[in-house]
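Asks: Sequence:
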Amino acid sequence: MARPNPGEPNAGHPADNPATRTAELAERDPCLGILFVHGAGDHGVGSTLIEFGEPIIAWLDGWLSAGRRGPTDASDLARPGATQLLVREADAHAPAHTEVRIRTHDDDTPHLWLMAEARWDEAFTPPAFRQVLTWAIGVVPWTVLTQFIGPVIDESRLLSADLFSILRWLVNVSVAAVLALVVAVVVQAFALALLILSIIPLDAVRDVVSRLQRFASTSVGDLYMVLTSPVQRAALTGAVQRDIDWLRARGCRRIAVVAHSQGGYVAYQALADPYHRDVELFVTFGSGLIRLTESEQARRTGWLPLGLIGVIGALLAVRFGPVAILGTLDIWEKRQASGLAFLIGAAMTVGFVVALRRYLTERSPVPDLPVRTPWLDLVTNEDPVLNGSRAGRLPGRVHKVRIQNRASVVADHGSYWQNLDQFVSRVTLRIAALDRDGRIWRAGPIPDARDAVRHLRRSWHRRRARVATLQRARGPIAVATAVLVAARADQLDAVGQAVAGWFRWFPAAIVAWLPDVIGSAIPIVLSHAQYLGLGTILALSYLAYQAGLALWRWWGAADTEAQYRGVLADPVSARALVYYGWTIAHIAVLAIVALVGPAAVLTWLGGVTRDLDPIVQAWARVYTWSLVTAAVVGAVLWGRRVPAATATATAWRPPRWLVGGTVVAVLVELALALLRPGPTPAILSIPGGIALELTSLALAALAGAPSGRTVRWLVLRVQRRLDRRHPSGATASVVDRLGVLGLVLALGAIGLILQPIWQAWLVGGVIALVGLLLAVSLATNVSGTKLPGIGDVRSSPAGLRQAGAGGVVVAALVIGAAIARGGLLLLGR
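Residues 237 to 1065, numbered by my numbering, are exactly what the sequence shown covers, in order.
Don't read these hints as lab results, they were simulated from the structure. Each hint should be verified, as a subset may be incorrect.
[Unchecked claim] Computed list of lysine to aspartate or glutamate pairs in EDC-like fashion (alpha-carbon distance at most 20 Å, straight line):
id: 1; residue 1: Lys636; residue 2: Glu618
id: 2; residue 1: Lys636; residue 2: Glu516
id: 3; residue 1: Lys636; residue 2: Asp684
None of the values given here were measured: they were computed from a predicted structure.
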């Protein structure tokens, strides 16, 4: 962004006068106006302009310059001009704004775009915290539960008839239900805790609580005012209308409104109310329009009390269900209170089921705008604000586009502007279409508009493939982490005690209450050390995943540069291989730790710390000769490629295989030193270092030839396999889903029959019997069937029928094993 004018508003050159600059701007050729509307929360002056505007400017400059960066800022083809971020700098009546001058190689005349932000969060009075709290207790449970369950219900209607998709859907159902309950109880507990703490007559406590209350009133409070106060809602929409009028007054004959999240609802109201303003383009992304419309409907129709009752009941059922069920089966100690609490919770959960059914059948669509303004709505599948499909919930004429950010429920809503190659490019080009003389499509790296469209579509597909790779990597990492925790649960205490020993300096009284709170909220009894060990393992795996995510972004930056240059990105570039390698290493390390045990790893790390000096001695005696060998090889190659008369220090760079081979050799030598610390005799270190270096160089050199092609082919095959987020084919039927559920039950029953108590064999046999019946229905569904209350169901695909047959075999084996073990028990063996 350009620096603001440091001078006084009315001093110096006439152009420094804001009134003069405004008049000059109005006298120019009509410019293109862009108004950015932020989402919920407290946003500082100019923050939305920077967050939304800078990615657009960066993409425009990269596209127009074909990825070539000039030596100075003056060489940028999209460059900010006069800018105001703070009100005190210039016009007190203007929003934060910046003029962007755009040049192309074919046209030196700069095109003027005027970007501004609409700060509607300053247009209302924040409500009292108690008002927000009372509203949140009723609304939050409903919002959270429908937020998680709505997308799963919509997904079931479009579920593909293949085993992987159905298994993933079953997992999503379980995860969505658990997350919904956890988030609902955490949010409500936080609100109630603030209310209780506000009663404590201590200045220090009240100071902290007041800050949290102000945060709730300014972030959640705007949502409260939008839904409950018509007068303040009109003030919000008036703020957006005022800034549209400001752009018109500055000479913008064509205006685009770009709104995010809850700002989409506010901007929609500004364009839809009786005193609406007309614009030439309306862009919403991650929009809360559908969500807020449905929440308002739920508030008016009385669904919220049923939702609150259902949340409380579900929490009771989940908390006391395991103890009640196991006690009934005589596997656990019977407790009358637990059984009663479970039954009461299950009965209360029916209230939410009734409310959810009414929500699905009675939700009404969003009315269309009074004028036929072009409307572009962009969203990701995983954006939690979407809450399901937009079909039938937005006006039919709206251009609905699905994009891919990170395929993450947590990150997608706030990462749109980090998606340069897909989201920012789409939005920028759609806005640029209003600047008819700019011809941004043809001014890029590809002059022909049709070829440019094909190139961009290929790059958008590359983004989808990269995101699918990231999404599919999470599953194995999560499974490997879970297997590690489950297989080595007996060593969590040792890990926790070791970690606690490292942090003995931390005041224990500050965190001593935390394990007790966690233990009272979940039906798992662990010691404090076990909680700490579990948290350590999960935290380390998460940090490794975040490192992989950084590598994934690095890979994406290379693909964006390829988009700028007009070339197709390499799907198996060096950056892609680095990401794949890191992900594989992450899973491999988890598997190794699960095999050897975290306690053994801690013992080994303790030995490494104790023997650090011998390790360094052993490593240095070997890698020194590897570096000498690499230097000799590099000198020989440098002497052959560069004539002596023109040899300079920068005339030649070592090939990649030389650098890569040396790095591999040094790492192998480090691993050997860790295994056998201590001084290494010269008779071993000298030839060993030379041999390892030459071997690594040979392998690295071969990696660029046939081996490299083999690796590229293998990675491409894996990518094609992973890039199946929307596979074609018929949707899965009820029989398909139940049959796959039977297979899952049969596999899960295996763990029960391996237990030493007969009650577990009995439960496993019953579960396997249910799985057997469900799997038989899938395995025999060749020509279709008819189910009571459902009607005709088409035949299952051959692959699923084979999976059903496998489930039948597994279930039969489990039932047979349970019967055999029961017979042996009766015989006294």
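Asks: Output the indices of the hints that this structure fails to meet, ascending.
Replies: Hint 3 alone not satisfied by this model.
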